[in-house]
Amino acid sequence: MFRYPSLEDCPLDEDEDAFQALGEEDEDIDQFNDDTFGAGAVDDDWQEAHERLAELEDKAGSSREPDGPVGNDGDVLGDPEDALAERLTRLVIDNELEDPAIMQAVHTRDPPQPGGLNSSIWDSSAMLRRIRGPLLTQEMPSVSVLDYALPQRPPQARDEERDPSERALPRRSSSPIIGSPPVRAVPIGTPPKQAAIPNFNQQILCPKPVHIRATMQQRYPAPYGERMSPNQLCNVPNSSLLGHPFPHSVSPVLTHLQRAQLLGGAQAGRMSPSQFARVSGLVGSPLPSVNPKLLQGRVGQMMSPAGGFRAFFGAPPAPPPSQLPHPPGPGSHLQNLRPQPQMFRPDTTHLHPQHRRLLHQRQQQNRNQHRSLNGSGGDRGGHRSNHQEQIRKDPYANLMLQREKDWVSKIQMMQLQSTDPYLDDYYYQNYFQKLEKLAAAEEVHGDGPKKERTKLITPQVAKLEHTYKPVQFEGSLGKLTVSSVNNPRKMIDAVVTSRSEDDETKEKQVRDKRRQTLVTIEKTYSLLLDVEDYERRYLLSLEGERPALMGERKQKICDMYDNLRGKAPGQDRPSDDHFMQIMCIRKGKRLVARILPFLAPEQAADVLMATARNLPFLIKKDAQDEFGLSLLYLVLSRGEELQSSDTNTELMQDNQWTELMLMATRELLRIPQGALAKPVSIPSNLISLFSRYVDQQKLNLLETKLHLVRGIR
Amino acid sequence: MNYMPGTASLIQDIDKKHLVLLRDGRTLIGYLRSIDQFANLVLHQTVERIHVGKKYGDIPRGIFVVRGENVVLLGEIVSKESDTPLQQVSIEEILEEQRVEQQAKQESEKLKVQALKERGLSVPRADTLDEY
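Chains as they are written, first to last, in full-length UniProt numbering: chain H, 1 to 713; chain V, 1 to 132.
Keep in mind that the hints were calculated from the coordinates and are not lab data.
Among these hints, one or two may not hold up.
[Said to hold, decoys possible] Calculated pairs, PhoX-like style, for lysine-lysine (alpha carbon to alpha carbon, straight line, at most 25 Å):
hint, chain 1, residue 1, chain 2, residue 2
1, H, 506, H, 556
2, H, 393, V, 17
3, V, 105, H, 393
[To be verified] DEER-style ranges, computed between Cβ atoms:
hint, chain 1, residue 1, chain 2, residue 2, range
4, H, 516, V, 79, 56 to 66 Å
5, V, 116, H, 562, 18 to 28 Å
6, H, 393, V, 87, 50 to 60 Å
7, H, 512, V, 8, 42 to 52 Å
8, V, 51, H, 537, 34 to 44 Å
9, H, 514, V, 84, 47 to 57 Å
10, V, 21, H, 428, 50 to 60 Å
11, V, 53, H, 485, 29 to 39 Å
12, H, 427, V, 21, 22 to 32 Å
13, H, 513, V, 116, 52 to 62 Å
14, H, 56, V, 8, 55 to 65 Å
15, V, 102, H, 417, 24 to 34 Å
16, H, 558, V, 78, 27 to 37 Å
17, H, 427, V, 106, 57 to 67 Å
Keep in mind the model is a prediction, meaning the values are calculated, not measured.
We put the CB at the ideal spot given by N, CA and C, even for glycine.
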C-alpha cells in the first residue's frame, strides 16, 4: 500500500480539505487499528523490500562460485531461487525419510558412510544406494539400472518440491470422529512418505545441522523404547506366544479408531503427541488371553511383512524374510525368542548381495542366541552367487525393493487379521488342520523325509466392542441424525403383514407349506452348525464355562429334534407328515443324516423308524437321487446285518419288514435301468439281503440293475 | 509360497515373464516389475499379442502400468517362444487378420439380431454390458 510521507505529496491536490479530513481520519484509524496501520504493520515499501532482497542475492552470489555470465547479472528470479534452494537443501530432512516409491531419485551430496553399521541402514534405501554405489564398482561388473537412471535429475528441484509438501500435510487424523470412518490424510495405499527416524540415526548419517531436527524432537516425546508401530503392537502378542509371556506387554487392543488413527498418522509420516500418549497408555494393559493354536508354525512369517513398516518407524531394522525369528520390538524381552525347531529358508534371491551381507552382519551382532542361523552362512554364499548371476542377466531386476515387497505383504497380512479365524476363515483353517493331521499320520507311519510345512499365522486380534453412540454436542437440543457407514439411516419402514387363511387358494397353501418346511430346515441347520461347533468351543473355553456350554448344546439338540418331528406332537405322533416333508427335500435328507449322530438313542431310533415306515414312498422319490439311494442302501444293509447276526429276531417276526423289502425290490425293479441313479457306495451285503426275499430270476435282474456283481461298476 | 504360505501373492512373481489378460480382451506379455496391494502391475518390455486363429503378432509397447481391476488373469511364462504351435506373423498382417475377423463377427451378429427381431425377441446391446 502506498504511503506518502505526507499528504502534500499527493499528486491530486485539488480538494485539500477533503484530503486533510482524510488525514485526520487516518490518524484516528491509526490509533484504533495498530495492526493494520500502526506498529504491527509491516512497512510495505516494495522498493525497500526489493533492495533488501537484492543485497541477499549479492551475498549469495558472491559466496558461490561464479557460474559464468549468467551468475550475478540481472536475472532477478533465477538467483534468489538458487540461494533459497541451497538453503533448503541444507534444511531438508534427510533422504531416508522418503517414500520407497520416490526415493531412488535423490543422489545426495553426503559422502557415503558405510561405516555406520550399527545404525539402521535399511531404513533408507537411499542410504543403501549411497553405499551401493562405491561398493558396486568394486565388486560387480554389471550394474543395475537404478544406478544409471536416476541421479541425473537435479536434486535441488526435488528437495524443493518435496519439502513444502511434506510440511503442509494436514493433521486430519486427529480431527473428531463423528461417526464416519476416520479420514486419512494420505490414502492407505501409499507407502510411507516419510519415516520417523530416531535422532541417533540422523546424527550418524547426516552430520549437517538441521533446524528441523529440533522440532522433531518435540514431536516424539516418547522414549525410543516405547514407540511401537501399530504393526508391532499386533506382532507383539504373537511373539510372546513363543513361550515368553511377559507381564507388561503391549496389548493389541487398540480400538478401531485408535488403530486407524495410528495408521493414518503413520501414513502421514508424523505422530502427534496425543497419539503417542495413547499408544504408551496401552503399554500397561495386561495381555489378553491368547489362542494356543497360534503357537504352531512359523511366527517369522508374521514378522517379515512388518519389516517395512518397522523401518518406517525407525525401530530396529527391517528384517528380511530370510532371517527367521528376528526380534522386531524394541524391548529386550522380545530378543529372547527361541527359534522354532523347523527352520525354514525362504527365497532370498531378491536381495542385493550387499544388502544381504550387511544384514547378515547385523544379524550376527544382534542374535547371539540364535546359533542355528550362524551355521547357515554357507547357504547364504550359494544364494549370493545365484543372485549375482541373476543380476548379470537381468539388469532391470530388483526395481522393487525388499522394503516395498515387505510393504505390500504387510498390507496383505493386515487384511488377514481377524478376531475369530474359525469364523472368518473356516475353510482355510479346516484345510490346514486336515493337512497337519495327514502329515502327523505320515510321520507316525513312515520315516519319510520331513517336509517342512510352513503355516501362515494370521494374527488374532482381540474382539473389540463397537457400540455406536450417536454424537452429541453440548448445548444443543436433541441429537443429530448423522447418517454414516456405521449408522445408516432407516429408509423404509417395512411391515410384515400376514395373510388371512380364507383368501389363499389351494396352490398357495401347498406352496406355503413347502416354504415353511424350507424355513424349518434352515433353522435346524443353524442349530446343527452351532452344535457341531461346540466341541471346538469346549476346548477353547475356560473351566467354569464348560457346563454351561454343554447345557446349551443339549438344549439345541432337543430343539433340532423337535423341529424334525414337528412341534407339540400328539401322544403317538400320529403323523410323520412334518418329517416326511423334510425328507422329501434333499437338503432335509442331508440334515437328518448329519443330525443322527447327535441325537439320543431313542430319538435316533424314532427318526429311523419314521424313515423306515415311509421308505417306499421315499424310494419312489429318491430313485433319481443318488444321495437318497445311498441312504436307502445303507438302511437296507443295516437291516441285513441285523438279520444275519440274528440278534434282533423281532425284526424277522415283524411282517412289516418283509413287506418293506418286497416293496423295495418291486420299486427297484420297476424303475428303468437308465433312470436309476448311481449311488455313492453300495454296501456289499445287499445281495444276500435280496436273496432272502426274491427268487433267482429277479435276483439276477436286480444284480445287473444295481451293478451289485463285482466287476461291473 | 515363501512369503505367505497358503495365500496367493504376486511377490514371488516379480521379475518374471508374465502373460496378462485384460478385461478388454487384450493380451500383454512382459516382465512383472512391481506390484501393489491392489494388484496394479508394472510390466516391462511389454508386448501386446494379438491372436487370430493360428497366427499371432506382437506389438512392442514398452512399459505398461496396469490398474489392478482391469486384470482378468495373469500367469508366468516359463516355456520358450519356440515351443508353440502358433505361427508368428508381422504386425500389419495380424492387424489385417484381426480386422477381417471383427468384420465377420459383426456381420454374423447383425444377422442374429435381425433374426431375433423378426421373432419379437431382443438381446441387450453388448456395450451396455460388462464384457469379458
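Structure-based check of all given hints:
Pair hint residue 506/H plus residue 556/H does not hold up; C-alpha atoms about 34 Å apart against a cutoff of 25 Å. With a C-alpha separation of about 14 Å, the suggested pair residue 393/H and residue 17/V falls inside the 25 Å cut-off, and the hint holds. Of the supplied pair hints, the one linking residue 105/V and residue 393/H is violated, its CA atoms being roughly 44 Å apart against a limit of 25 Å. Separation of residue 516/H from residue 79/V is about 59 Å and conforms to the stated range, judged on CB atoms against 56 to 66 Å.
Distance hint check: the CB atoms of residue 116/V and residue 562/H are about 54 Å apart, inconsistent with the given range 18 to 28 Å. In this structure, residue 393/H and residue 87/V break the distance hint of 50 to 60 Å, their C-beta atoms being roughly 29 Å apart. Checked against the hint of 42 to 52 Å, the pair residue 512/H and residue 8/V passes, with Cβ atoms roughly 45 Å apart. The hint said 34 to 44 Å for the Cβ distance between residue 51/V and residue 537/H, and at roughly 55 Å that hint is violated.
A C-beta distance of roughly 55 Å is found between residue 514/H and residue 84/V, which places it inside the suggested range of 47 to 57 Å. Distance hint check for residue 21/V and residue 428/H: the Cβ-Cβ separation is about 27 Å, which falls outside the suggested range of 50 to 60 Å. Between residue 53/V and residue 485/H the Cβ separation comes to about 51 Å, which falls outside the hinted range of 29 to 39 Å. For the pair residue 427/H and residue 21/V, the supplied restraint of 22 to 32 Å holds, since their beta-carbon distance comes to about 27 Å.
Look at residue 513/H against residue 116/V: about 41 Å separates their beta carbons, and that is not inside 52 to 62 Å. Here the CB-CB span from residue 56/H to residue 8/V is close to 59 Å, well matched to the stated 55 to 65 Å. A C-beta distance of roughly 48 Å is found between residue 102/V and residue 417/H, which places it outside the suggested range of 24 to 34 Å. For residue 558/H paired with residue 78/V, a C-beta distance near 59 Å fails the hint of 27 to 37 Å.
Evaluation of the 57 to 67 Å hint for residue 427/H and residue 106/V yields a failure: the beta carbon distance comes to about 45 Å.
Comparing the model with each numbered hint stated earlier shows that hints 1, 3, 5, 6, 8, 10, 11, 13, 15, 16 and 17 do not hold.
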